[in-house]
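Order-wise, the sequence lines are chains A and B. Here the first sequence stands for residues 1 to 353, numbered as in our numbering. Here the second sequence stands for residues 1001 to 1307, numbered as in our numbering.
Among the hints, a few may not be true.
Computed list of lysine to aspartate or glutamate pairs in DMTMM-like fashion (alpha-carbon distance at most 25 Å, straight line) [stated by the list, open to error]:
no., chain 1, residue 1, chain 2, residue 2
1, B, Lys1119, A, Asp315
2, A, Lys143, B, Glu1175
3, A, Lys351, B, Glu1181
Because the hints were derived from the structure by calculation, they are not lab data. Note that this is a predicted model, so its numbers are computed, not measured.
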Amino acid sequence: MRLEKRTQTSRLALLLAPLGAVAFTLLVSALLVLWAGAPVGQTYGLLWQGGFGSVFAFSETLTRATPLMLTGLAATVAFKARLFNIGAEGQLYMGALAAVAVGGLHDGTGLALHPAALFVLMMLAAALAGALLLLGPALMKAKLGVDEVVTTLLLNFIVLLLVSLMLDGPMKDPTAMGWPQSVVLMPELELSKLIAQTRVHTGLLWACALSVGLWALMKYTVLGFDIRAVGANPRAAAFAGVSVTRTVVLVAMLSGALAGLAGAIEVAGRTSYLTLDMSPGYGYTGIVIAMLAGLHPLGVIAASVFVAGMLVGADSMSRAVGVPTFIADVIVATSLISVLVATLLTQYRVKVK
Amino acid sequence: MTELFDILANPSFWVAVLRIATPLILGTLGVLLCERAGVLNLGIEGIMVAGAFTGWLAVYLGWPLWAGVAVAALTGGVLGLLHAFLTVGLALSQHVSGLGITLLATALSYYGYRVSFPKVSTPPTITPFADMDWLGLPILAQQTPLTLLALLLVPLIGYTLYRTPLGLAVRMVGENPQAAEGQGVSVAATRTGAIVAGSALMGVAGSFLTLSAFNAFFFNMVNGRGWICIALVVFASWRPGKALLGALLFAFFDALQLRLQQSGSATLPYQLYLMLPYVLSIVALVLVARKASYPQALMKPYRKGER
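Bound-form chain A, shown alone (with noise of 0.2 Å):
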């Protein structure tokens, strides 16, 4: 077996090479849905419903994706410049425990800021911590050549005991009856809410804006010649002039800024105080809708909407047919790993001799 580059690749098959994928995906969930003894169309219907049949379906699907959106973006930007990143979710939790520990200076310290002011430095606060996350791995990468997989990766669950050590210490919520969640944010740092009686908050005006100006900057700057160069070829980015290192420390930050700001907004906007489950594993499903999105940051909102939507849809689809929530790891896996082959098979031909 060996591929062929194909000369051109036809736009039809740009765009069917998704929508195949994504049939095939649910032709071989069906099997499992099979094997759970309940019926596959009701199955998806319900899926589709629990994601996005009522107003109320979709706000619980676009909060899901707030978060998921920010990690995708922090994955994207990382990935395009081949630092691999797989940090997002260390990021976030040290954004939100940044985010809480500024948040809260309002109480005993006597600090007198305005809430507005104290917002925007929460949130500065949750970007830097995020990205100084990543600056330690990106520099290690740059200067040493120590594996950034590996140590983004230990540094997650580093971050996770620091934040488990926090919680339970210094910043404890005394009046918690002894679980381990950081104080409640007062009401002036939330974010208020996009509908009434839902959950889904400005975070995801946010998130949208983000991945429209992580597009811009990727398209029009510089900086975005540099991240794709330095991602295709570093050793040609050099000899063209880029820095390698700056550009990469310059992603490195830009990556664990989105994803700490993931984290604080996630505070901000549903939670209002930091707890140890705060995050069902953003971090690492935004890689996964990085890759759905083919690396590019308006793809991300899609890509985060339709993978939010399958997680609440099976929430709800498992609760009345009894088909187990995991269906939707397993689509959201299997779309992944399909649109991986799609897209090669748009640009490569496949010759079996």
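Position chain B against the provided structure of chain A, taking the given hints into account.
Chain B only, in chain A's frame:
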């Protein structure tokens, strides 16, 4: 200080070290085989989950324990074949394919577990491997045969890699696939073989958890052990002997923090002790980075006739 000495002088501590190290040894050898052939396999975390699940399920359904291990190896091998198809056949990004496989294997295992046991609250149990008391050796006697297997595989894989034509072929396709092709070695076949074998080992590493260390399947039971193996193989500079050493060192610190917590004399928050193995992994990576001898073609897809 005397307490530390007490812990180290207690044979049960070293028994625990070897037990904690076993899945790490098996997993690290698996990663090492893949990477020596030039392919990163981030699928390990999911492959271990899948091996833990299918191996346990086979035994639960009445198969012998060793058949469970074989099923786990087969599961790993099949997932490895998928990774090989994506990374060697289609030359997709190895990072992405591996993460996709971790996700898929984990999701499928959890789904399969929930479909098979929809209503159980306490996980069903099996009778796991017994200790090898008959061996008569002090620390090894309190281990199960899978530990012995892991220890025997270290020299076996070392010998195969460095002393046999097969090992030479594996190392060649990981260092310089063009040259290997020129020598008549099939890059695709060799890489596929190495990934399948390595992934089978990862499956066995997972089965140790359900068939040896515990007697049931739990969610999140692999808990990052696969990622640790990825770090250990860098620490080991891609050498089986050093991989054994690294796994034992990691297990040593893990067991130590457990003991310090249990004895109640831990003066620092327990999270700091739990962090220790991860922090030390990063320190070790930085220390060995300068002289690390990456397989030269690691993470570089090879397409015939393309450079």
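Query raised in the report: Holds or violated: are the alpha carbons of A:Lys143 and B:Glu1175 at most 25 Å from each other?
Result: This hinted pair holds, its Cα atoms lying about 23 Å apart.
Query raised in the report: A:Lys351 and B:Glu1181: Cα distance at most 25 Å?
Result: Given that 25 Å is the threshold and the Cα spacing comes to 19 Å, the pair holds.
Query raised in the report: Given the proposed pairing of B:Lys1119 with A:Asp315, does the C-alpha separation stay at or below 25 Å?
Result: Distance ~16 Å between B:Lys1119 and A:Asp315 Cα, so the pair holds.
The structure meets every hint from the earlier list without exception.
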